[in-house]
Amino acid sequence: MTEHLDKLPFEEYCQTIFNKDALFDKPEALKGYRGLSCTQYILGPCAAAYLAELGAETIKIEVPRLGEPMRHCSPYNETWFYPVSRWNPGRGTSPAFQGANHNEYFVTLDYRKPEAKEIFYGLVQKSDFMVWNYRPGTFDRWKIGYGACKEVNPRIVLAWCGGFGGFGPGRNWASYDILGQAKGGVFSFTGHRAGAAAGFPSKHTTWIMDYSVGMLVSTGVLAGLFWRDTVSNLGNYFECSQVQGSTRYTEYGLPLWGRTGIVRMRWGNWDTEICVNGICKCGLSSYPHSDHPAEKEEGYICVTAYTDEDFAKLINLIGRLDLAKKYATHDDRVEARAQEEIYPAIEEFLKDKTKEEANRVFNQAGIISQPLLTVMEAANNEHWLQRGALGWYDDPYYGDVFTQNVIYKMSETPPRMKYVHRPVGCDNEEIYQRVCGLSLDTIRELEAKEVI
Amino acid sequence: MSEDLKKEVQEAPLLWPLTPIPTYEEVYDPRICPEAQREISSTFEGWLHPKHEMAKPEALGQVRVLECGHGGFQITAMQAGGYLGELGANVIMVEPPGGSPLRKLAAFGRKRYMFKDNVNGDLCGGTFIHECRNKQSVTLDLTKEEGREILKRLATHADVLIENYAPGQFDAWGIGYRQLSKINPRLVYVWCGEKGQWGPMKDKPGEIYPASPCSTGWCHATGLPKAFGGTPIRAGERADAIIAGNLVAHGTIAALIYRDKVSGKGQFLEVTAAETHLRIHDYAWGWYGMDGSSKPRYGNWDLAINIYSVNPCKDGYMMVGGGHDRLWYRIWKTVGKDRPELEDMILDEPTLRVVIDRVGHDQQVKTLVCLTDWMKDWTREECRAKLLEEEVAAGGVTFLDEVAEEPHYKYRGMVRAIETAHYGKVLFCGSLFYAHRTPGRVKDLGRPVGYDNSDVYRKLLNFDTAKLNELYEKGLI
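Chains A and B are the protein sequences, given in the same order.
My numbering applies: residue 5 is where the first sequence begins, and numbers increase by one.
My numbering applies: residue -6 is where the second sequence begins, and numbers increase by one.
If we strip away everything but chain B, and leave its shape as in the complex, we get:
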């Protein structure tokens, strides 16, 4: 690495937390928290607080996963391996020699946004480090026959194999489900990708997000209508590909349950990012079937609920939600404290009296213009405090620096930092699986290329140093 680049790559200490993490005494201060509530919350903390997590067993502690998700930039397999790893599975991530292409990704390709290995100076992108939690990292060249033979041997020791290569690639290589299930009938084999491995619109090699939301109507329905200057818009994050990872984890465990309780055999699963989104595209399909409607873009408002939208306020954008009567009147009561004339205008409006009459476009415009007229004088935090007083769900659009410093998230360990062996201290989002007996947990983040080669190949395949050296020299690992 050049001297310039060395300077460019940040070695600054972690900037987090800027404000201290709140303590138990502060959170449950008797002046702000009634006795009964403190009792219930303390019980929850006893069951669920992540400070107890490392002392508890892991739900998938006996499961070994081979994650072959690193042939390109499709990220579903990497994401899925992360969730299974959080739940305790031994996830062995198989990367091509030299490392996964996903390691090289950084916003705008900027090396200074990457993380430097403090031993050999290699750079690794933030997404990879964040998502490859709890995984062992091995390298193997699957494009070579000899490498594939090694994968077959690894598969005999695995419960699950997850891959996202081009459709039919593994099958053509002789390491698809048809071949591996002969070697290990108990293997649960998952293929994941954007649109599918069969069908008229199946994945082309190299196809990645946002192909999936474009093919389902999702991108077309996100964003503002053209009349407001809007266009279709993709999600900032790789939304479908990420949440398809949730389903890979889901399907894998379901297949393991069936294997261990009933059949003793594995099976073949297919999870696609696009179908994940088709499945969750709320009322779009029922609505289309009923009267042929094609769900249009409606910006930051919701076609089915009024009020349930994001609108500008003094220092940003503010979400307010209250679909049914109880919340509706509380919202206008809050507004009425500052602007009684707005409250009167809404409550006197005959077309806004009944819940189901309020969702027409004209009614939404009337409602949200009045609401925004009140919000424009207040900041996100002021609006939120006023609305929370009446127990209305509300919150500002929060940027990541604010997310990282939100006391609630810090207290719950949602946002936390970990000391990694090679990349220094890294800020990350904790596991979502809070649990009484088997919580998900993050023990380590992404590791350097081939970090566990020796451990895995020795333990599972009895390769000795001479053999490992031979493989290195041949460029197989």
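Same shape as in the complex, but just chain A:
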């Protein structure tokens, strides 16, 4: 088998070992691990979902009946996956829920009810990890925090994540993704410069702080499990503050401020450290007759030509030989005033082109470029479909769903998407019977009392 692989050209070799159609023929990295996800919104849920994609049996615990709030936030209130739960067939779940809840089991439990505690401890006893993102201290007040859990199961790896963290002057501040972006720093230097059109700080369109700090929470859990299983046999408690993620990503921002007292500011679509490496406007739209305003507008293209060689090619192409002389080295080009001259010159050249034409011209000249795809174009892009990053999926509950797929590719134990998510409390019987050993009668009784 491997001998055959050794002879393949590299690209075919990659296609073979990362083949999206062979994912289910391979074992799972985290098979045998069980985890609890006591989470809502995005930050906590996605951290647990990344582990579920790797094969951990992840049990998501929601509030009975309506489930967590993320199920109920849909763009323009126009798309819903029905039903939200068997008790509420008339309502649906938002597509915003699906990116953060792959492959999980969905049960319900009202932690505040006295009967709930024992059930919860039962789950904790049989789990390897747990993620939660209620406000700090909430679980501790209910006596189901780290203090209580480590008594019940000393090997459990817990991860709490939230806005600002469980101690310090800001311990009571609530947070959302966009607040994390704003309070941590990255918001302040994203966007066009002050004075330019629309020149103010700009939000990252995705809930990037929640999702990306969720990755670090998840990484923490994995590190905890690794340390437990290879070194110590001891549980652990991790705390991740979402706002800190935003500060962690500011690159040279903090060292620069600490050393020189200069504050990193916005620089629009250009790169502060590398030139040419920026997004330029093309003069023409690829869809001049579309009624979607974001498609009807002009196209944009990212141009990358920072080496002397590539820059020379670019200058030749756009016919501005004066710039080649003026900005011969990278240090010359990257200065602010040079950038202010170079990018408009490129845009002048692109004035009579669509982004596709521009891309063709740049490619012919051997210059790296990437047209800005719209969401629609990305969703239909052969590259992403071939690689299995996006795709249609036949979901047992929701029918044909177009969805993002897994987080990364592994040759031996690839993460995979088994289903996008399920209705609230869908797996109550399965989990409470199989894991907790409750009888169906007891489950019905608890359901009637709205404990589960």
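Keep in mind that a hint or two might mislead.
[As the list claims (entries may be wrong)] A partial selection of chain B residues facing chain A, derived with a Cβ cut-off under 10 Å: (1) L98; (2) F121; (3) C207; (4) T215; (5) F221; (6) Q260; (7) V264; (8) P289; (9) V303; (10) D350; (11) T391; (12) C422.
[What the hints assert, rightly or not] Which stretches of chain A does chain B cover? Using the computed rule of at least three CB atoms under 8 Å from a CB of chain B, they are: (13) 315 to 325; (14) 391 to 402.
In short, the hints are calculated from the structure, not lab data.
Here a beta-carbon is modelled for each residue, glycine too, at the ideal position from N, C-alpha and C.
Chain B: place on chain A using the hints.
Relative to chain A, chain B alone:
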């Protein structure tokens, strides 16, 4: 270095902190902190406060990582090595002789923004120093056959190898996964990059951020609509490339767990910045699949939640969030204290009564115009204080000088300074991995070129001084 340049490079002392870091007594003063809360927070501090971190074990203390992420300006590998280093792995960063190209990066190429080595006067950029935490720095010329032989020998001693060279480059050089896994079957090998090493749109040599967000619809969906003067916009930081680093660390540890518990063998991982973002582009794909919608730009507002947006206030921009009813009424109660007529206008509006009816565009305009009309009279801090009184999540858009001085961040060690051996005192952001038993920590920031050559090559490959000198002369290290 010329005399002028010497003057230009700042040797000023660290300007931080301008205000003292708050003490435990100030933070938990009984006048502002109830007894019960102090008890819970003190317990958290006992478990998690970073002042205890150096006395605790490290989760990845037994793992050795070779980070070959310095062939160009793609930064995912450098970022990933930083996270693994924080968790305790021994990260050996392999740079080309003369140093990584990433060292030379500074905003607008300005030498005065760079950090000067106080021994040999070399300059190094802030990003490199900030991200190359806890790493050992060695040099090796991978473009030469002899250098690659040395890398093969290093790989026998490594658990993980991370690289971000052009697709197939390492394979063509004979140091790809196919070849190294024969030498060391336990090796976990990670390739990371912008769009992938295979497929119709695979990475071209030299392709860097923002190619990835441009290819996924992310840039196109960030920024204001054209009607408001907006264009697509890239993130100020190299967002995708950075967070792909989170996933490299994630995948690496998952592969190590599988290796050590089950298979005894390593494997090949591929992490791309673009797919990282495709994965987290919230409702865009489900929405497209349902009715063909292409997610448009919506500036600093959110298509799915009202109120969840950033709008102008007296001294900057202010984020207010409150999607569900409980917070919605608290927000308007806060506004009503100063401007009762605005509160009445919103509460009397029939189309704003039910949560899921509020997200239409007209409803958002109505809501946010009223909110901004109240905010325009107050500064970020005033708005925030008023809203916090009602426990509403709110905060101003904060610039990095304000971030560096935020008492909460300073108290938690999120923002702190470290004395480095060669670059003086440097301000940086601490590790996110607060933990009871195995916290992440920062022991050192970026080091000078080849700082650990002698240590690593002697320890792992038994090179003596004569051999090291020979390699220097040949330009291999």
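Structure-based check of each hint:
no. : hint       : in the structure
1   : L98        : holds (4 Å)
2   : F121       : holds (8 Å)
3   : C207       : holds (4 Å)
4   : T215       : holds (4 Å)
5   : F221       : holds (6 Å)
6   : Q260       : holds (4 Å)
7   : V264       : holds (4 Å)
8   : P289       : holds (4 Å)
9   : V303       : holds (6 Å)
10  : D350       : holds (7 Å)
11  : T391       : holds (5 Å)
12  : C422       : holds (5 Å)
13  : 315 to 325 : violated (count 0)
14  : 391 to 402 : holds (count 4)
Hint violations for this structure: number 13 only, all remaining hints satisfied.
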